[in-house]
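*Asks:* First to last, the sequence lines map onto chains A and B.
Sequential numbering from 0 applies to the first sequence in numbering that gives the first Met the number 0.
Sequential numbering from 0 applies to the second sequence in numbering that gives the first Met the number 0.
Since the hints were derived computationally from the structure, they do not count as laboratory data.
Treat the hints with care, since some could be wrong.
Unchecked claim - Computed cross-link-like contacts, DSBU-like style, restricted to lysine-lysine with a CA-CA straight-line distance of at most 30 Å:
no.: 1; chain 1: B; residue 1: Lys478; chain 2: B; residue 2: Lys509
no.: 2; chain 1: B; residue 1: Lys178; chain 2: A; residue 2: Lys50
no.: 3; chain 1: A; residue 1: Lys50; chain 2: B; residue 2: Lys194
no.: 4; chain 1: B; residue 1: Lys64; chain 2: B; residue 2: Lys370
no.: 5; chain 1: B; residue 1: Lys571; chain 2: B; residue 2: Lys721
no.: 6; chain 1: B; residue 1: Lys231; chain 2: A; residue 2: Lys9
no.: 7; chain 1: B; residue 1: Lys194; chain 2: B; residue 2: Lys80
no.: 8; chain 1: B; residue 1: Lys311; chain 2: B; residue 2: Lys340
no.: 9; chain 1: B; residue 1: Lys64; chain 2: B; residue 2: Lys537
Stated by the list, open to error - Derived DEER-like restraints, expressed as beta-carbon distance ranges:
no.: 10; chain 1: A; residue 1: Asp47; chain 2: B; residue 2: Gln15; range: 54 to 62 Å
no.: 11; chain 1: A; residue 1: Gly53; chain 2: B; residue 2: Glu179; range: 26 to 34 Å
no.: 12; chain 1: B; residue 1: Asn233; chain 2: A; residue 2: Glu22; range: 35 to 43 Å
Said to hold, decoys possible - Over the 12 Å line for every Cβ pair with chain A, so calculated as not near, a few chain B residues:
no.: 13; residue: Ile29
no.: 14; residue: Gln227
no.: 15; residue: Ile269
no.: 16; residue: Val297
no.: 17; residue: Ile307
no.: 18; residue: Ile480
no.: 19; residue: Thr492
no.: 20; residue: Lys512
no.: 21; residue: Phe535
no.: 22; residue: Ile544
no.: 23; residue: Asn558
no.: 24; residue: Tyr650
no.: 25; residue: Ser718
no.: 26; residue: Ala731
Heads up, the beta-carbon is just placed ideally off N, CA and C, and yes, glycines get one too.
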Amino acid sequence: MKRYDLRHLKDNFDPRMKEILSESHKATETLIFLFEIGDFTPVQRSADLVKECGYELYNSLKFNEVDWTIVAKKD
Amino acid sequence: MNNVSINIDGKEIVTQEGEFLLNAARANDIYIPAICYLTRCSPTLACRICLVEVDGKQVYACNAKAKEGMNVITKTETIEKERRAIMEVYDVNHPLQCGVCDQSGECELQNYTLEIGVDSQSYTVQDVDRASHDWGHLHYDPGLCIVCERCVTACKDMIGDNSLKTIARGGDPLNVDYKESMPKDSYAMWNKLNKSVIGLTNGTDVLDCTSCGECAAVCPVGALVSTQFMYKSNSWELKSIPATCGHCSAGCQISYDVKHTSVHNPDEKIYRVMNEWNYVSLCGAGRYGFDYENRDVVKDEVAFKNAIAAFKKADTIKFTSTITNEEAFILETLKDKFGYKLVNDEAKSFQTFLSDYSAVSGTSLYGSDLKTAMNSNFIVSIGTAIKTDNPNARYALNNSLTTNKGAALYFHPVADPVVDAMSKNIVSINHKPLQEETALYLVLDLFADKSKLPTDIVEYLASFHSTKTVTLTETIKEKVIEIVKEMKVNEETGEEEEVEVEKSKMVPKKVSKEVEVDDNRLLSMLGMADDFMETFTKLMKKKDIFSMIVGPDLYNHPNSKNIARLVALIEKYSAFELVMIPTLTNTLGVAMINELSDTAGSYAIGYNTEADFVLSGLGEGDLDMPAINQQEGTLTSINKNVNPTNAALPYGGYTLNDIANALGLNAQNTIDYTVELGSIDGFKAEEFDALPDHYTNAGEEIRGYKLESLSTSTSSDESVSKIDEALGLDGAIIYLANPVRQFTDFTKNTTNLDEKSGVYMSAESLEASELNDGDSVFVKTDNGELTANIVSDNKIAGNIIILPTFDSKLNSGALVNGYRFANASIQKV
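Hey, can you work out the whole structure from these sequences and the hints?
*Replies:* Listed below in structure tokens is the structure:
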């Protein structure tokens with residue numbers, strides 16, 4: 000399980016997330032990302048990115064009033 | 000209601016016919032999960048988790064009523080599947096913020112999720128943006144909300160503000176396949192939940208209510224939280240100190256939740272006030288007005304010596320009723336020992352009123368309490384600004400109206416939009432000040448059993464009645480023959496031609512007729528609507544439990560003695576159960592314990608009030624005293640209960656008991672006097688530590704003990720004076736009352752209660768005048784004058800000016816002569 004805190008990237012978290020998803024990970028590694036909710040579009044954008052990179056979105060939840068978290072995994 | 004026997008899970012229990020099964024089960028320690036139901040309020044059926052099976056049929060325990068012989072099963076395979084699905088649904092998209100959520104550790108979502116064992120999730124729906132709302136003293140996070148609607152229910156059924164409602168949320172509909180695949184009730188629950196969030200009834204995002212915070216208290220999750228508490232502490236770090244609220248006579252059971260101030264400061268601090276919201280509802284003062292302690296006090300030996308010297312010099316002790324029974328007892332003992340005059344004007348008025356009442360009623364205390372009022376279905380309120388004099392009386396009135404299909408008459412000169420909005424079945428009679436006797440005579444006339452009422456009173460009441468001829472207009476249906484032209488085919492010629500045809504139809508017609516009707520002059524004297532009796536007849540339909548609430552306007556009325564006798568007659572000769580609102584926190588206790596004098600002598604000690612030498616729990620006197628939240632002792636409530644309260648915070652200074660000991664009394668602690676109260680009529684000789692303080696699962700209040708109402712000697716004299724019809728104030732009028740959430744200097748001293756001191760005027764009266772919010776005005780009466788700024792208040796209506804009493808520096812009491820109303824002039828300065 001690897002956790003990536005992308006909250007400091009504010010709305011521009013996608014390039015870094017894509018970079019991470021493109022890196023090689025152990026098989027069935029669970030990746031957890033944290034990013035800011037912003038205008039709520041990051042929620043769908045993160046899901047789209049996970050799919051685009053060939054991962055499965057296991058969970059996508061509000062983490063607190065301003066942050067969101069997703070869980071992704073590649074079987 | 001009859002008792003019935005029902006069987007729940009094989010256990011035979013007895014309950015009242017018509018009682019909700021959930022309440023019956025709880026009262027008998029049988030557990031049925033339930034989230035949305037609030038005891039004392041209407042069932043909402045939002046959560047559906049209280050599903051049970053009754054004689055083979057699934058019902059909701061919160062709204063199914065007990066009937067003789069019912070067989071109830073609280074758990075079946077189907078029910079358990081529903082409950083599991085319901086909890087899974089509540090967990091769908093629920094934020095993962097337990098680590099920072101204020102409710103964590105006391106969250107019903109956490110508890111039920113664990114109890115039902117939700118270890119996987121079967122359902123999904125795309126989440127939607129649900130940003131938080133800043134509602135002033137409340138913070139609403141719709142992301143955390145499970146839309147159980149408890150907040151809406153509490154606000155409507157208990158508090159009466161009706162400020163919250165469910166509103167449309169938007170977002171994706173549920174996957175249609177769920178309708179088939181999911182258990183039926185969980186799908187129906189989710190389908191509604193998925194479309195809703197909580198919003199404000201005023202259509203804005205600015206909350207405008209009486210700020211009690213009860214909605215946040217009842218919230219099972221962290222969705223609605225008090226802003227002052229948000230992100231301040233984990234619930235499990237707090238220590239709960241059981242107490243009685245010290246702000247008004249309601250005597251609400253509360254707990255002060257305390258812990259150290261910070262890592263740098265080990266001093267205990269109150270973080271919040273909690274309540275058993277199923278059984279007691281707090282007002283904003285009780286909820287948020289908790290940090291009124293007398294802080295950082297140490298034993299000041301010089302001040303103490305001065306105090307002892309002052310007591311030796313004094314011939315009078317003045318005090319307020321923000322005092323425990325034990326302290327009142329100490330004062331009484333000191334009075335007996337040293338001959339002090341004890342002066343407490345508001346308690347003296349109440350004591351005299353009670354005594355005058357007893358002369359006719361034959362009992363030392365009024366017969367009823369607010370719980371009885373809450374369970375009634377017809378309430379009459381006279382002589383109290385009910386919303387602010389005793390918020391729990393207001394809640395009882397509202398709850399009776401909303402959940403018992405009740406009706407009410409609210410007699411008060413000050414129009415109150417909050418009271419008016421409670422129900423369409425409450426009629427406010429905004430009579431002139433000083434007409435309270437007329438109102439009481441009207442109640443006697445409308446409700447008393449005239450076959451038993453003394454003949455002279457019956458005759459006097461009859462003298463107000465006459466017959467008058469009125470012209471009534473009513474609409475009747477009349478048959479009218481009309482000649483209309485129609486096209487018809489002439490059978491002979493075969494041609495179509497116009498013919499005249501007679502047609503009859505029923506048309507409404509207004510007719511006037513003269514009828515003789517009863518004319519009750521009491522109604523017109525009180526300025527009541529011409530059609531009041533028609534309204535009254537409608538209000539009285541299906542009403543069988545009657546309560547009357549009377550309040551402080553009556554205790555200082557120039558004719559208070561006659562009024563007390565009238566009140567007693569109503570209780571004696573009608574179906575009304577009676578409750579009186581004691582003026583301040585422990586006015587009833589003081590009235591029972593102390594022999595009070597009318598006037599002060601030449602040198603007075605003041606306890607929380609101005610005098611030659613002042614003992615002050617407010618930290619403003621010559622010697623510090625503890626505030627109520629720093630004291631152990633008992634307080635006597637409107638419900639005639641002697642309730643224990645504990646010290647939430649430490650106090651380092653001298654107490655009244657220390658002074659008493661120095662003057663020759665002997666008690667280690669103030670609460671040593673709790674048992675001594677037994678020497679006072681009505682009180683019991685109970686040790687403080689033996690006093691219980693809890694509610695049972697049946698909602699029974701087991702707190703302290705009930706004052707005993709004693710039989711008093713009465714003469715057979717039930718005479719009452721006739722109405723002085725010349726009485727009644729017109730013109731510019733002031734009224735001594737507080738805004739919501741304020742009672743005394745103690746509430747004024749708290750951080751969260753930010754109501755301003757000043758001259759309160761209704762928003763509508765300001766609009767119609769040349770005065771504005773914030774203007775400095777000079778108010779003058781025959782008794783006194785003051786200058787203060789205007790505060791616009793939309794929680795009152797009409798033209799009467801409200802002068803608060805919560806700020807002693809305003810000295811509003813100097814403008815009246817006892818009675819709370821007075822004529823005044825007001826000028827901009």
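*Asks:* Each hint: holds or not?
*Replies:* Structure-based check of each hint:
1. Between Lys478 of chain B and Lys509 of chain B the alpha-carbon distance is near 13 Å, which keeps this suggested pair within the 30 Å criterion.
2. This hinted pair checks out: Lys178 of chain B and Lys50 of chain A have alpha carbons roughly 28 Å apart, not beyond 30 Å.
3. Distance hint between Lys50 of chain A and Lys194 of chain B is fulfilled; the C-alpha atoms sit about 28 Å from each other, no more than 30 Å.
4. The hinted pair formed by Lys64 of chain B and Lys370 of chain B meets the criterion: a straight-line CA distance of about 21 Å does not exceed 30 Å.
5. Note on Lys571 of chain B and Lys721 of chain B: the hinted pairing holds, with a Cα-Cα distance of about 19 Å set against a maximum of 30 Å.
6. With a C-alpha separation of about 26 Å, the suggested pairing of Lys231 of chain B with Lys9 of chain A holds against the 30 Å cut-off.
7. The hinted pair formed by Lys194 of chain B and Lys80 of chain B meets the criterion: a straight-line CA distance of about 23 Å does not exceed 30 Å.
8. A hinted pair counts as satisfied when its Cα atoms are at most 30 Å apart, and Lys311 of chain B with Lys340 of chain B qualifies at roughly 13 Å.
9. With a CA separation close to 27 Å, the supplied pair Lys64 of chain B and Lys537 of chain B stays within the 30 Å bound.
10. Hint check: Asp47 of chain A to Gln15 of chain B, Cβ distance near 59 Å, so the stated range 54 to 62 Å holds.
11. Remark: the range hint 26 to 34 Å for Gly53 of chain A to Glu179 of chain B is upheld by a beta-carbon distance near 33 Å.
12. Range check, Asn233 of chain B to Glu22 of chain A: Cβ separation about 37 Å, and the 35 to 43 Å hint holds.
13. Consistency note on Ile29 of chain B: stated as away from chain A, and its beta-carbon is indeed over 12 Å from all of that chain's, at 36 Å minimum.
14. Every beta carbon of chain A lies more than 12 Å from that of Gln227 of chain B, the smallest distance being close to 17 Å; the non-interface claim holds.
15. Every Cβ of chain A is farther than 12 Å from the Cβ of Ile269 of chain B; the closest lies at roughly 26 Å, confirming the non-interface assignment.
16. Listed as a non-interface residue, Val297 of chain B keeps its Cβ farther than 12 Å from every Cβ of chain A; the least gap is roughly 43 Å.
17. With a least CB separation of 57 Å from chain A, Ile307 of chain B remains clear of the 12 Å interface cut-off, as annotated.
18. At roughly 70 Å, the least C-beta separation between Ile480 of chain B and chain A is larger than 12 Å, which holds for a residue marked as non-interface.
19. For Thr492 of chain B, the non-interface assignment is confirmed: its Cβ lies about 79 Å from the closest Cβ of chain A, beyond the 12 Å cut-off.
20. The beta carbon of Lys512 of chain B sits about 68 Å from the closest Cβ of chain A, which is more than 12 Å, so the claim that it is off the interface holds.
21. Under the 12 Å C-beta cut-off, the non-interface status given to Phe535 of chain B relative to chain A holds; the minimum distance is some 52 Å.
22. Against the 12 Å criterion, Ile544 of chain B stays outside the reach of chain A, whose nearest CB is about 47 Å from its own CB.
23. Every Cβ of chain A is farther than 12 Å from the Cβ of Asn558 of chain B; the closest lies at roughly 59 Å, confirming the non-interface assignment.
24. With 12 Å as the threshold on Cβ separation, the claim that Tyr650 of chain B sits away from chain A holds: the shortest Cβ distance comes to roughly 38 Å.
25. The non-interface label for Ser718 of chain B is consistent with chain A: the shortest C-beta to C-beta separation is roughly 68 Å, beyond 12 Å.
26. Once the 12 Å rule is applied to beta carbons, Ala731 of chain B is consistent with being away from chain A; the minimum gap is 50 Å.
The structure fails none of the hints (numbered hints given earlier).
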